[in-house]
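Here is what each chain is made of, one letter per residue.
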Amino acid sequence: MSSDIERELEEALHRVLDPISARPIPARRAGHSRSAFRTVTGGAGAALTLKLLTGVAAAAAAVTVAGAVTTGSVNPVVWGQTITSTVESCKDNIAQSGGHGIGQCVSDVANTHGANVASEARHHGNPTSNGSTNGNGSGSGSSNGNSGATGHGKSTSHPTPPPRSGR
Amino acid sequence: MESRQSGAPPPAEGPERETYQPGSQADFERLYRNTYRRILGTLITLVRDVPAAEDCAQETYERAYRSWSSWRPDAPVEAWLHRIAINVAISDRRHQRIREAGEIVRRLGRPASGADPALVAEQSDVFRAIQKLPTKQAAALVLRHYHGYSNREIGAALGIPEQTVASRLATARKHLQAVLGRS
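Listed in order, the protein sequences are those of chains S and Y.
Following the working numbering from start to finish, the first sequence increments by one per residue and tops out at 380.
Following the working numbering from start to finish, the second sequence increments by one per residue and tops out at 1565.
Read the hints as simulated data drawn from the structure, not as lab findings.
Take the hints with a grain of salt, since some may be wrong.
Ranges of calculated distance between the beta carbons of each label pair, as one might list FRET restraints [claimed, not checked]:
id, chain 1, residue 1, chain 2, residue 2, range
1, S, HIS227, Y, ARG1448, 29 to 35 Å
2, Y, LYS1556, S, PRO237, 37 to 43 Å
3, S, ASP217, Y, PRO1433, 32 to 38 Å
4, S, PRO237, Y, GLU1544, 34 to 40 Å
5, S, HIS227, Y, GLY1563, 18 to 24 Å
6, Y, HIS1557, S, ARG228, 18 to 24 Å
7, Y, PRO1543, S, ALA235, 30 to 36 Å
Just so you have them, the derived chain S footprint on chain Y, three or more residues with Cβ under 8 Å [to be verified]:
id, region
8, 1410 to 1421
9, 1440 to 1452
10, 1524 to 1535
11, 1551 to 1561
Remember, predicted model here, so these are calculated numbers, not experimental data.
Glycine included, each C-beta is placed from N, C-alpha and C at the ideal position.
Let the sequences and hints guide you as you build the complete structure.
This is the structure:
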């Protein structure tokens, strides 16, 4: 019984595979195109790619939300124009009063932005939105303001702090 | 049944009589020419259509080439290639199931596309039944009954003990007998 099925198996395999296996041998594929593709689309590569794309998307979304909240528009060109016009008018005021530099103007814009974002988040009352947006707004505002003021126009009134000893 | 069958033809191209130098580009090209048809024959049984088998064969040699410098000459080179090929086939079957699910969704309401006509014309009930076996059982069968490997050689190719090979072959034959209505 067993030998019958074995013989039948051998005959079937040879009948099907022999003609196909007798075809000409193709050239060996030398490149790694498929492997490289699978590195990105499969296994650990896919997980890494997904994380990378998620990170980029999250960062882009954060920038978009921050800009949109500040200027009321999702168009980045409008964000730039808003900041530029605000700083320009501030600079004119400082020039009229005998001062110079835009450090204080940038600082004011940043602080105002942070306060607006915090206020907006509190107004919505969304715990998730409140936490993340508030943190971004405050951090970005105070950091940019101090940095800009120190570097551009207020070096005497805001001296650069000494380097941290811990580093 | 533990050794190569006396009636079975010797390997067509006798790759085990060849010697190869690990890491040698020229030797790998020779290995490719000497073993391609046999590896393709195995893969056709495992992956259901000829184009997929050809693609898997190329993938097998790509993987083998990447490990070529670490291959040990004391190991049977064709068994090593078969082990890679069977892993490629298992992976391809997994991807095939995903593709089939997507295909079912894509062609809802349309007639199913047919299999490779060249292969279908030559297929028998026995061959189709072998293709429906689990990949590792089908691999053991084709190595035993097409390539004429002994159970020990199959064990080396699949990385399993001889007893496991015997068990897989017995299970596969029993299944085929039941499916094909042989007593």
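Consistency of the hints with the structure:
1. S:HIS227 with Y:ARG1448: 29 to 35 Å: holds (32 Å)
2. Y:LYS1556 with S:PRO237: 37 to 43 Å: Check passed, 38 Å falls within 37 to 43 Å.
3. S:ASP217 with Y:PRO1433: 32 to 38 Å: holds (34 Å)
4. S:PRO237 with Y:GLU1544: 34 to 40 Å: Since the Cβ atoms of PRO237 of chain S and GLU1544 of chain Y sit about 36 Å apart, the hinted range of 34 to 40 Å holds.
5. S:HIS227 with Y:GLY1563: 18 to 24 Å: holds (22 Å)
6. Y:HIS1557 with S:ARG228: 18 to 24 Å: Holds - the Cβ-Cβ distance for HIS1557 of chain Y and ARG228 of chain S, about 21 Å, lies within 18 to 24 Å.
7. Y:PRO1543 with S:ALA235: 30 to 36 Å: holds (34 Å)
8. 1410 to 1421: holds (count 6)
9. 1440 to 1452: holds (count 4)
10. 1524 to 1535: With 3 residues in contact (Cβ-Cβ under 8 Å with chain S), the coverage given for the region 1524 to 1535 of chain Y holds.
11. 1551 to 1561: With 3 residues closer than 8 Å to chain S, the region 1551 to 1561 of chain Y meets the three-residue bar; holds.
Consistency note: the structure conflicts with none of the earlier hints.
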